[in-house]
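Place chain A on chain V using the hints.
Here is how the chains run, residue by residue.
2 protein chains.
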Amino acid sequence: MSALEQLRDRWRTIHNVNHAYQYLSWDEAVMMPHGGGRGRADSLATLKRLVHEMVIDPSLEALVEQARSEAEGSEWDQANLRIIERERKRASAIPSDLVMALSKASSACEQEWRNLRQQNDWKSVLPLLTEVINLTLQRGEILGECLDMDVYDAMLDEYEPGLTQEFVNPIFDSLVGFLPDFVDNVIASQDPPRKFSGDYSPESQLDLARKLMKTLGFNFERGRIDTSHHPFSCGEFMDTRITTRFSSDDFVESMYAVLHETGHALYQQGLPPEWHGQPVGNSLGMMLHESQSLFMEMQVCRGDAFLRHSMPVIEESLSLKGNGAAWNLDSLSAAVRRVGRGKIRVDADETTYPLHVVLRYRIERAITSGDMGVDDIPAAWDENMRDLFGFELGDDFKDGCMQDVHWFAGLFGYFPCYSLGALTAAQFYKALIRDIPDIEDDFAAGSFDRVLNWLRSNIHGQGQLVSSFDLIEKVTGSPLDGSAFIDHVQSRYGSSN
Amino acid sequence: MSALEQLRDRWRTIHNVNHAYQYLSWDEAVMMPHGGGRGRADSLATLKRLVHEMVIDPSLEALVEQARSEAEGSEWDQANLRIIERERKRASAIPSDLVMALSKASSACEQEWRNLRQQNDWKSVLPLLTEVINLTLQRGEILGECLDMDVYDAMLDEYEPGLTQEFVNPIFDSLVGFLPDFVDNVIASQDPPRKFSGDYSPESQLDLARKLMKTLGFNFERGRIDTSHHPFSCGEFMDTRITTRFSSDDFVESMYAVLHETGHALYQQGLPPEWHGQPVGNSLGMMLHESQSLFMEMQVCRGDAFLRHSMPVIEESLSLKGNGAAWNLDSLSAAVRRVGRGKIRVDADETTYPLHVVLRYRIERAITSGDMGVDDIPAAWDENMRDLFGFELGDDFKDGCMQDVHWFAGLFGYFPCYSLGALTAAQFYKALIRDIPDIEDDFAAGSFDRVLNWLRSNIHGQGQLVSSFDLIEKVTGSPLDGSAFIDHVQSRYGSSN
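For the record, the sequence lines run as chains V and A.
Mapped onto the numbering used here, the consecutive letters of the first sequence carry residue numbers 3 to 499.
Mapped onto the numbering used here, the consecutive letters of the second sequence carry residue numbers 3 to 499.
Worth flagging that the hints you see were computed from the coordinates, not collected in a lab.
Careful: at least some of the hints might be erroneous.
Heads up, the list lumps identical chains together, so a pair's fine if it works in one copy or across two of them.
Taking lysine-lysine and the DSSO-like style, the derived pairs with C-alpha atoms no more than 30 Å apart in a straight line are [claimed, not checked]:
(1) K91 <-> K50
(2) K50 <-> K106
(3) K106 <-> K125
(4) K345 <-> K400
Predicted, not measured: the structure shown is a model, and the values here were computed from it.
Only chain V is shown next, with the shape it has when bound in the complex:
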């Protein structure tokens, strides 16, 4: 076997253990009975440690060296090698003990958070969260030192390779400069909200979800949908899973959670099969992944063309005819494009969502730089909510700083990817219209083959051949900035001013 083949073999083994990690995490969130938590956390920590040890195995050094010349003919092999070297460099810096400790601490904290959040109990979760964040910072400092980067940059880089504060700051500044006033105007000119009455049983909503997923191109031979506490997606290209949750008095939130996760899932299902099991065959960072979910949810599925096609499908699945004249394309559009200043990030519309992210970004930077401690989070939350949204949370931790799983699970530096993903989605959509000007006629006709092919060949099928930033430039013709997003919200919401 050539060094290249041996290396591929080693990474296939690593992939096979990551496979286990991934589906056990799915099981934990979707299937596992409460009592299984402790044993599952132990198993996941062990798998994480084994992967870590396999990645940093010193015997790989020579193989990588040899493989480099063998890879010269193939850009895919070269990219694969580049990612392997990146993974090895990062992993080698972190001691195995820290990997295990962080995995266990964040499993324990996340499991407790689920209950304590219900009870609005910030005080009890604080020591657990402090431990997780301390370990996360320890990890960040080690990474920063090894990569010669600022600590928070090293964390950002983990979720989206190449992402830095220097890149994020001006973009977020421009959003903060534009959005608050824009949102004010949109809200002032909105009609009062309207709800539709219908059959919102889980069975009917699931039936609708499956129909829409199928329409967008989700392959049920290679995936499934379930319910969980929070919607998420996971899995490999051969077995891609999404989840949602159902409200008993409305369908919009759940339906768009499904469309969002379907966007993620289509990315996974479209990865290059011939590179399955190798790093270069994986999806890119979280910014790019989020761009794919938001491309479907926000750009395609909240647009008029999609609604025109799906209105009769929704009407039939959820028995909405009884609403009479109140149920029409205008009222449906208004319901799925409603803007509002809310407390909850995951419930936010696309114009206020970035403000939620900016808030978290500011707090993460302050904690990482040592400017504030974990126990200052509630005060900082209120201060930033007042600044960006005009109201405070006070003792409502549940819907304030305890609302998101991320920090409790040790994910620091992840939030910016959500909003950068939204910006990327807008820029991709603009490029799609440039490439296929009449694509929205397809959507109105319920045909999603051309858009899926466009995504498959331009994005999904590219794996990690180039970085997210290079891919964006390649597909859209310019580097990522916020202009396409601002154009998009102005054209979608500005007309109502």
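The following block gives chain A in isolation, referenced to the frame of chain V:
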């Protein structure tokens, strides 16, 4: 850390990887979409290889040596060490490549079998099965040589340590000498079968299943029930899972599958928590495990006392009142204790079940000894069916030699455990009546605390402290033989002669 603690630590890691293997297998059977098969097989094979490598790690040799003297004070530690040495001896004999090859071949064969069985396609499955059996025999030969045992004994010993053909032969001979005529007589004196009409929707049957599981003591905080192609149970004491399947025109089969799997699950949920993650904290071999499922299913739950309690529960869950006078304790008893000569092992009643096992035992021995080849299986099947049941299958492979997953999954030497488990269950039940003579009054009153406590302290909580054979003798006062089983079937079915 003492050597003993280090060794426990190593086995905790092994346990954590086995945990992953176990729940991924559950996922494969219950949740995984069809397309995920290949990736799952690869991941499972990798986990199996990693465990194998960790078990045979030469650095453990010295630790085991040192730990032996440290363990002297504790019989649990001594037993733990004994099992570790046994595992190491067996695993060290088998090359890692063979472990991987067998895991992959049996995953592939099992996945194909699912489809080919539906199509009654013996010819297409034969090459896959031949490969699996060849690799299984290769494994058996290596084990036999290493343990200085006959090949088939080495295979039996794998599923129930200490089990030999010398032990099995006279017991099976006595069953073959007794059962066929006995079955003839029972069948001749039976009333024609009667079915009840009711609400057999999956929801209602699941509702009944949960109620009965709860009554028997299944802890839903630490377990769950789902549906799958074939009923099975799996999982650790903190997260024990069972499955069943539902027929749309009868409830008896599914209900007793649930009660059977609940017996397995109660064993798992009752294992000693303080030894969780160590070999001595695991359940004993498959014979003993099967004794626990059959204890519940056959001894407790097909008896009159249990039926008296559960009849109104069944009636309510499945809306059986509409059957009028036809629905009564006698007709219910007759339905759950019906004897018949069928083709399918898993559908067999307790009097004909052992004959199905004897048939498989004969074929396994013949193949292992080289007296017949894999392609002779259909002919051997018919010959033995004629001898033991009085009819043949001919080209009906689906309900003949393709009916069980075992051979296609590489399980050779497993079948005898089913019938020995039935014998053990009868012997345990006799000991229960000796210890708590009025226990059936509890059952009739729907109270299962005393029987569960008896099982917990005598069997479940003992882990692998002593062997199955020693445990049986300790609990019942005599070595395992077939007499309690024969007494049991005579007293339960003989009265109708």
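Hint check results:
1. K91 <-> K50: both (17 Å within a copy, 28 Å between copies)
2. K50 <-> K106: The answer is both: 10 Å in one copy and 24 Å across copies each meet 30 Å.
3. K106 <-> K125: This pair counts as within: shortest intra-copy Cα distance 21 Å, inter-copy 50 Å.
4. K345 <-> K400: This pair counts as within: shortest intra-copy Cα distance 10 Å, inter-copy 59 Å.
This entry satisfies every hint, going by the numbered hints stated previously.
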